[in-house]
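Going down the list, the protein sequences come from chains F and W. So in the working numbering, the last one in the first sequence is 266, and the numbering has no gaps at all. So in the working numbering, the last one in the second sequence is 926, and the numbering has no gaps at all.
It should be emphasised that the hints constitute simulated quantities derived from the structure, not laboratory data. A couple of the hints might just be wrong.
PhoX-like mimics (lysine-lysine), calculated; alpha carbons at most 25 Å apart, straight line [as the list claims (entries may be wrong)]:
{"#": "1", "chain 1": "W", "residue 1": "832", "chain 2": "F", "residue 2": "187"}
{"#": "2", "chain 1": "W", "residue 1": "890", "chain 2": "F", "residue 2": "111"}
{"#": "3", "chain 1": "W", "residue 1": "890", "chain 2": "F", "residue 2": "207"}
{"#": "4", "chain 1": "F", "residue 1": "171", "chain 2": "W", "residue 2": "793"}
{"#": "5", "chain 1": "W", "residue 1": "702", "chain 2": "W", "residue 2": "860"}
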Amino acid sequence: MDPKELKRVRMVKRIAQEFPDGALVNLGIGMPTMVANYIPEGRTILLHSENGFTGLGPAAQKGKESQSIVNAGGQPVTIVPGGAFFDSNMSFAIIRGGHVDYTVLGALEVDMEGNLANYMIPGKMVPGMGGAMDLVAGAKNVIIAMEHVNKNGAPKILKKCSLPLTAVGEVDLIVTDMAFIRVTKKGLVLEEIAEDTTVEEVIKATEAPLHVAGKLGKF
Amino acid sequence: MKPILTADKAVENINDGCTLMVAGFMGCGNAFTVIDALIKKGTKNINLITSDTSFPDVGVGRIICQNRAATLTASHIGTNPVSGQKMNSGELKVTLVPQGTLAERMRAKGAGLGGVLTPTGIGTAVQEGKQKLSIGGKDYLLELPLGAEFAFIKAEVADKYGNAFLPGSTKNMAVAMAMAADHVILEAEKIVEAGELDPEKVTIPGVFVSAIVKSTLPASNLQLKP
C-alpha cells in the first residue's frame, strides 16, 4: 500500500471506531465509503443509502448486478439481511428527522464554527448538493473525513469558509490524515494526532486556532 | 381501468415547452422506453425536473445530451458532465435543489399542501429569496409546492388500474412525482390483470396514473463503469 493510501486507511479506521453497535450511518461517496470496511469486530452498523434503503451492502459481483439496486453514486450494490427499501420522501424523513446517527462526508473547506463547504466551487465545479445539505442538517452527528490540506498544501480547516456553504454550524468532528478534531462552542479542540505527525505540524497545517486537549491521543 | 398505450401514443401530446418530471436515480428506475419515444418525437425546450441527470446518454441523461431541455430542476448533475457544460454556457438554466427538499416539494403539491418548512439550506445559497420562519425557536425555510404537466414513472409490474410495484431502490422520486404531475405515464415491464398484483405490494396507487406503457427497451442501462 502506498503511503497516501495507508494514511487514508488509518483515517477511516479511526472514524469507524466512533460508531456504537447498532448505529444507523450514511457514508458519502468516495473516501467515506471506505469506513464500512473497518467497523470494529463485534459491532454491527446499518448503512443508509439516501436513494432509498437501509442495509446498504457491498458492491454487486460482476454478472450478478441487479437492475434495481444502486447506491447513491449509481453503482450496482447489494442489500444485506435486515435492510429495507423505501422512496425518497421516507429516505429524507429518516435523514431530516434525526434518525441517522452519523453521516460521514468529504469537505472542500470546514471552519472553526463547524460550517461546511463541500458542494461547489463557483465557475468550476458545480455538481449540486444532492442529499448532502439534508444529511448535514439532519444527522445527529456529522463527521468530516478529508485530507488535512488541499492539493497545493494549503489548509482546509479555516477560520471562516470562503466557498458556498453546505450547512452552518453542523459539523461535530473533523478527521484527517493528521488529526482528530472536535468542534465545540469554544472552537476546535485537537484531541488526537496521527502517529507520524506532531502537534506543531498539525497547527502549522491548520488556519483555524486549535485548542490542544489536556490528554492528547494518537491514532 | 387505465389506457394501455404505445410509447409513441403516450408522448403524443407532450410538446415543446412542457414541464416534465422523470423519476429514477442515476438512471436506475428511469422509464427508458417512454424517454426514447419522447426523444424520437423531437420535443424541445423541456422544463425538466429530476433527481439527477444520470450519466450521458443513459435514460434521462439523453434529454440533456440531445439538447431537449431548456431548464433543469435537480439535486445533482455531477455524473453527467454535459449538464454542467450547458449550465456554464448558459444554454441550460439550472436550479439546484437539495434532494430531500425536492422530494417534499413534489409531495406537497400532490398532497394539497401549501408548502413545507425545512431546516435544510438555512444559512446557504438555497435560502435566497425564500421566506424564513421560526418555529419553536428553530429556523426553517418555506419551500413551495412543485408540480408538472407530465411525469414518467417506471415500474416492474403494473395492473390495469395503474397500481404499480417498483422494486428495490427504483422507488426514489417516483411516488412523489406520481402525486405531483397532472398526467402520469407509467412504464411497466409487465402489465397484469386487476387482482394479479397483490394490493399489499403496491408502491404507487393507480389513482395517480393516467396511462400505462409496456417497456420495450431493457432496463440494462446501469452504469457499470464509473
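Status of each hint after checking the structure:
no.	hint	in the structure
1	832(W) to 187(F)	holds (23 Å)
2	890(W) to 111(F)	holds (22 Å)
3	890(W) to 207(F)	violated (55 Å)
4	171(F) to 793(W)	holds (16 Å)
5	702(W) to 860(W)	holds (6 Å)
The structure does not agree with numbered hint 3 stated previously, though it agrees with all others.
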